[in-house]
Amino acid sequence: DSGVTQTPKHLITATGQRVTLRCSPRSGDLSVYWYQQSLDQGLQFLIQYYNGEERAKGNILERFSAQQFPDLHSELNLSSLELGDSALYFCASSGGDGRSYEQYFGPGTRLTVT
Amino acid sequence: KNQVEQSPQSLIILEGKNCTLQCNYTVSPFSNLRWYKQDTGRGPVSLTIMTFSENTKSNGRYTATLDADTKQSSLHITASQLSDSASYICVVSGRDGGSQGNLIFGKGTKLSVKP
Numbered sequence: 001d002s003g004v005t006q007t008p009k010h011l012i013t014a015t016g017q018r019v020t021l022r023c024s025p026r027s028g029d030l031s032v033y034w035y036q037q038s039l040d041q042g043l044q045f046l047i048q049y050y051n052g053e054e055r056a057k058g059n060i061l062e063r064f065s066a067q068q069f070p071d072l073h074s075e076l077n078l079s080s081l082e083l084g085d086s087a088l089y090f091c092a093s094s095g096g097d098g099r100s101y102e103q104y105f106g107p108g109t110r111l112t113v114t
Numbered sequence: 115k116n117q118v119e120q121s122p123q124s125l126i127i128l129e130g131k132n133c134t135l136q137c138n139y140t141v142s143p144f145s146n147l148r149w150y151k152q153d154t155g156r157g158p159v160s161l162t163i164m165t166f167s168e169n170t171k172s173n174g175r176y177t178a179t180l181d182a183d184t185k186q187s188s189l190h191i192t193a194s195q196l197s198d199s200a201s202y203i204c205v206v207s208g209r210d211g212g213s214q215g216n217l218i219f220g221k222g223t224k225l226s227v228k229p
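Each protein sequence line maps, in turn, to chains A and B. Its first residue numbered 1, the first sequence is counted upward by one per residue in the numbering used here. Its first residue numbered 115, the second sequence is counted upward by one per residue in the numbering used here.
This is chain B alone, in the form it adopts within the complex (with noise of 0.2 Å):
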């Protein structure tokens, strides 16, 4: 069955510290992963989509890696802010990139960052 697992459910850290969020999934065939970010309350906004071929995608502080061997992504956050505080959600794609079909969802890890 096809998953995406994120881990941890939350997490508390202060601000200028960084953080690691996890995700597992066992989607297959892959297309490619994407990280949004939702503040609470608002729509979710796209921060990386990778595709099979890319293993690590930067946009500011947020860096995502891939691994598509052990089907394993991370999103680092680096010298956090409270803005940063958020929902963090991992959306897996099938082979047929674009169609919603082959979209899996994950849950999120909610991120409070403390000053």
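The following block holds chain A by itself, in its conformation from the complex (with noise of 0.2 Å):
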């Protein structure tokens, strides 16, 4: 267990509704990072957010957000719903100083649109 946790498990929608995703990080980590995996793909960097703030941009599409709240938990904000969206999302977490090279990953949310 990473000490990361992300709801729901499994989320099943319709093409063109909006989801939200979240995440809570291991104690005491200040930094939350958002990967996409579509079926037989690599993971896909997305958003990285460190106490607060957005710190880097990856492909993240505009149809998506996030935002890291004052507890530090994490929401990624997906609208607009394609096929193509389907796919395992994951969060994961690293140290306090937003430099650690070490990343806890969460057990994923797996998005299936239909």
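Among these hints, one or two may not hold up.
Simulated pairs of lysine-lysine, DSSO-like, Cα-Cα distance not exceeding 30 Å [stated by the list, open to error]: (1) K171(B) / K221(B); (2) K224(B) / K9(A); (3) K57(A) / K224(B); (4) K57(A) / K228(B); (5) K185(B) / K57(A); (6) K221(B) / K185(B); (7) K185(B) / K224(B); (8) K131(B) / K221(B); (9) K228(B) / K171(B); (10) K57(A) / K115(B); (11) K115(B) / K224(B); (12) K131(B) / K9(A).
Listed next, the stretches of chain A that the computed footprint assigns to chain B, with coverage defined by at least 3 CB atoms under 8 Å from CB atoms of chain B [as the list claims (entries may be wrong)]: (13) 23–29; (14) 71–85.
Anything over 12 Å on all C-beta distances counts as not near chain A; from chain B, calculated [stated by the list, open to error]: (15) V118; (16) Q120; (17) N138; (18) Q152; (19) G157; (20) A182; (21) L196; (22) D198.
In short, the hints are calculated from the structure, not lab data. For clarity, every value in this text was computed on a predicted model and none was experimentally measured. Idealized CB from N, CA, C, for every residue including glycine.
Join these two chains into a complex; the hints should help.
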């Protein structure tokens, strides 16, 4: 158990809908990262937050947004969903200084768009 | 262009055998290289992290090597077990080691260990 929690585990929704994925980092970790992993694809970095502020941006679509709250949990919002958004979405967290090498991954949320 | 290439794409071995996975990168400047193990449908788990000055690091039956001159790394698995069946991902970080903006992910090697 990495100490990173993600909810929900599974999500099934229809095209055009909006969903919110939630992540709680390990106790004491200030950085949260979001990744997308489509079937048989590598991990794609979406966005990183550090202590509530956006730190780095990857291949995140404009339909997607994220935020990190004062209690350090993070939410990833996906809107106007398309079939191609079906994927595993992982959250990871890392050490307090934001420069720790180690990232701890959560169990993921499997999103299915029908 | 910063890239991380892993080979082979997939590998099947018999239980008890050894195997070696390769990772070549073009990321420069280099800060650190990480190997992750990802079971199907689960989050990746870190196996090793090596900085520029380290050329080998072990974690149980897993041994990673790094040649920063040739920009190559390998992950050697000894006496494989069925539970080693997973994808192994190589991740290279640029100068700002912790900043996500400089993390380059390989596509992974899918290892299957058969009884």
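Taken at face value, is the distance from the CA of K228(B) to the CA of K57(A) at most 30 Å?
40 Å, violated
Was A182(B) rightly flagged as not at the interface, with every chain A Cβ beyond 12 Å?
16 Å, holds
Check the hint pairing K57(A) with K224(B) against an upper bound of 30 Å on the C-alpha distance.
OK: K57(A) and K224(B) at ~28 Å, within 30 Å.
Quick one, are K221(B) and K185(B) close enough, alpha carbons at most 30 Å?
Judged against 30 Å, a Cα distance of about 17 Å means the pair holds.
Between K185(B) and K57(A), does the CA-CA distance stay at or below 30 Å?
26 Å, holds
Outside-interface status for Q152(B) - nearest CB in chain A farther than 12 Å:
8 Å, violated
Taking 30 Å as the top limit, are the C-alpha atoms of K57(A) and K115(B) close enough?
18 Å, holds
Pair hint K115(B) and K224(B), alpha-carbon separation not exceeding 30 Å
25 Å, holds
Regarding the assertion that L196(B) does not contact chain A, is the least Cβ-Cβ distance greater than 12 Å?
21 Å, holds
Chain B covers the region 23–29 of chain A, three or more CB atoms within 8 Å, holds or violated:
Since three or more residues must qualify, the claim that chain B covers the region 23–29 of chain A is violated, with 0 doing so at under 8 Å.
Within 30 Å, alpha carbon to alpha carbon, are K224(B) and K9(A)?
24 Å, holds
Was D198(B) rightly flagged as not at the interface, with every chain A Cβ beyond 12 Å?
At about 18 Å from chain A, D198(B) clears the 12 Å cut-off, so the statement holds.
Checked against the numbered hints above, the structure breaks hints 4, 12, 13, 14, 15, 16, 18 and 19 and satisfies the rest.
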